[in-house]
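One line per chain: the protein sequences are A and B, in this order.
Take the first sequence: its position 159, counting from 1, is numbered 162 in the working numbering, and each next residue is one higher.
Take the second sequence: its position 141, counting from 1, is numbered 144 in the working numbering, and each next residue is one higher.
By construction, these hints were calculated from the structure, which means they are not laboratory data.
Every residue gets a Cβ at the ideal spot worked out from N, C-alpha and C, and that includes glycine.
Hints should not be assumed to be uniformly reliable.
Said to hold, decoys possible - What follows is a set of in silico ranges between Cβ atoms, one per label pair, in the way DEER data are often shown:
(1) B:Thr127 - A:Asn142: 41 to 47 Å
(2) A:Glu108 - B:Ala42: 17 to 23 Å
(3) B:Glu212 - A:Asn17: 25 to 31 Å
(4) A:Phe8 - B:Ala24: 37 to 43 Å
Below are the chains, spelled out letter by letter.
Number of protein chains: 2
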Amino acid sequence: MERHFDEQLQGLKNHLMKMSALAEVMIADAVKTVVERDAAAVSPVYEREEIVNQMEIEIDEICLTLIALHQPTAGDLRFIMGAVKTNAELERLADEAVNIVQKAEHLLNVPQLKPFSLIPEMATIARGMVRDSLRAFVNRNVDLAREVLLRDDRLDDLKAKMSVKLTAYMSEDPGSVPRALDLLLISRYLERIGDHATNISEIAIFVVEGLDVRHHADQKRFVNRTNGHADNLA
Amino acid sequence: MERHFDEQLQGLKNHLMKMSALAEVMIADAVKTVVERDAAAVSPVYEREEIVNQMEIEIDEICLTLIALHQPTAGDLRFIMGAVKTNAELERLADEAVNIVQKAEHLLNVPQLKPFSLIPEMATIARGMVRDSLRAFVNRNVDLAREVLLRDDRLDDLKAKMSVKLTAYMSEDPGSVPRALDLLLISRYLERIGDHATNISEIAIFVVEGLDVRHHADQKRFVNRTNGHADNLA
Numbered sequence: 004m005e006r007h008f009d010e011q012l013q014g015l016k017n018h019l020m021k022m023s024a025l026a027e028v029m030i031a032d033a034v035k036t037v038v039e040r041d042a043a044a045v046s047p048v049y050e051r052e053e054i055v056n057q058m059e060i061e062i063d064e065i066c067l068t069l070i071a072l073h074q075p076t077a078g079d080l081r082f083i084m085g086a087v088k089t090n091a092e093l094e095r096l097a098d099e100a101v102n103i104v105q106k107a108e109h110l111l112n113v114p115q116l117k118p119f120s121l122i123p124e125m126a127t128i129a130r131g132m133v134r135d136s137l138r139a140f141v142n143r144n145v146d147l148a149r150e151v152l153l154r155d156d157r158l159d160d161l162k163a164k165m166s167v168k169l170t171a172y173m174s175e176d177p178g179s180v181p182r183a184l185d186l187l188l189i190s191r192y193l194e195r196i197g198d199h200a201t202n203i204s205e206i207a208i209f210v211v212e213g214l215d216v217r218h219h220a221d222q223k224r225f226v227n228r229t230n231g232h233a234d235n236l237a
Numbered sequence: 004m005e006r007h008f009d010e011q012l013q014g015l016k017n018h019l020m021k022m023s024a025l026a027e028v029m030i031a032d033a034v035k036t037v038v039e040r041d042a043a044a045v046s047p048v049y050e051r052e053e054i055v056n057q058m059e060i061e062i063d064e065i066c067l068t069l070i071a072l073h074q075p076t077a078g079d080l081r082f083i084m085g086a087v088k089t090n091a092e093l094e095r096l097a098d099e100a101v102n103i104v105q106k107a108e109h110l111l112n113v114p115q116l117k118p119f120s121l122i123p124e125m126a127t128i129a130r131g132m133v134r135d136s137l138r139a140f141v142n143r144n145v146d147l148a149r150e151v152l153l154r155d156d157r158l159d160d161l162k163a164k165m166s167v168k169l170t171a172y173m174s175e176d177p178g179s180v181p182r183a184l185d186l187l188l189i190s191r192y193l194e195r196i197g198d199h200a201t202n203i204s205e206i207a208i209f210v211v212e213g214l215d216v217r218h219h220a221d222q223k224r225f226v227n228r229t230n231g232h233a234d235n236l237a
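I would like the entire structure built from these sequences, with the hints used as guidance.
Set out below in structure tokens:
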């Protein structure tokens, strides 16, 4: 029974890593469409989205099964709850890749405004954040999780830079407005991907650090306290 | 023990409803800042965000405690997993209210571009979607959940209308670009709130309809099948 649980837990981790790898490829393809104006990179993004959506359902079911069939320890239970949350974040960040490719499809039909080197730079950071936040979660590596959180500042800076540049373009050349808007939204989608990776890193920290401070007796006390807190909000 | 579980489950539902009510007030205040140019509505949004963030942590702990101390049936377990996911959606949609108020603060310092009646309309729809998706989840009301999903189309239409109007403004009057951009992003944040409410409605459906089709034996089979599926992706 114990061995079966460990195998299923490993299966859960493998699923999450595969979903993360799919999302990473989706981001790369979506940005390739923007930067290299490569129409062939469009449809694989939509195809992978379908797989990611299916995997989200499957991962939730694996989590439910793990809890229902085994009675995981507090630490494993916390990890499985973290997996449910991470799963949702992965699906959402894959959706951002779809948002990017939709804007990229508009841009394929019009002359290029300008090659923006900041977009590939943002994509590289975002992809790295996705990969490493997942590694941090699966390996319960709090140091890596915290390091990912720091990278989000750089992504925010690049988004702000893009915003300044593109606002200037729109003010100077009214003809550039639709294209500049698409690029502005693309930079925001990339920043959102970083936000989802940040959320995953925070989940990783919650899973590990919760372990050290909480135990059975504390849990009861905690529920009483939180009930009291919520009443204050009524 | 059974009664204790039911009480805690009711406490969980109450927490989620309170968090949803807080988020609704945040959306109303954020949009009041935009539409009525009411600076007094700004700081309550930030104050409530802190409470919502705290509640997110507490609700996760309640869910963990419910599973760890009791061994919920498959149906209750599925509901608690849904609560973990709904909890995250509520926190994220409250963040969108913060995004709105941040843009509204810019707009308070510049002359009004134009009163946009579509923004209050979008806000009304979005708030109703939040309230009803939560009611659908807590009461396991699939019909209401499906009805909420339909309302999202109207929100998408209004966002598209805002986008057309604001793009035209920017093209015609370069001086309007920064203000029009803020309004465009505000309309997108409202649409995102609708997306989160859509996600909550889908969770409500997943919780109820999963109950009818899944049971112990099926779960084992399902895990085997999904492992096979994931291997195909490798």
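Hint check:
1. For Thr127 (chain B) and Asn142 (chain A), the hinted distance range of 41 to 47 Å is satisfied, since their beta carbons lie about 46 Å from each other.
2. For Glu108 (chain A) and Ala42 (chain B), the hinted distance range of 17 to 23 Å is not satisfied, since their beta carbons lie about 41 Å from each other.
3. The given range of 25 to 31 Å is respected by Glu212 (chain B) and Asn17 (chain A), whose C-beta atoms sit roughly 27 Å from each other.
4. Range check, Phe8 (chain A) to Ala24 (chain B): Cβ separation about 40 Å, and the 37 to 43 Å hint holds.
Checked against the numbered hints given earlier, this structure breaks only hint 2.
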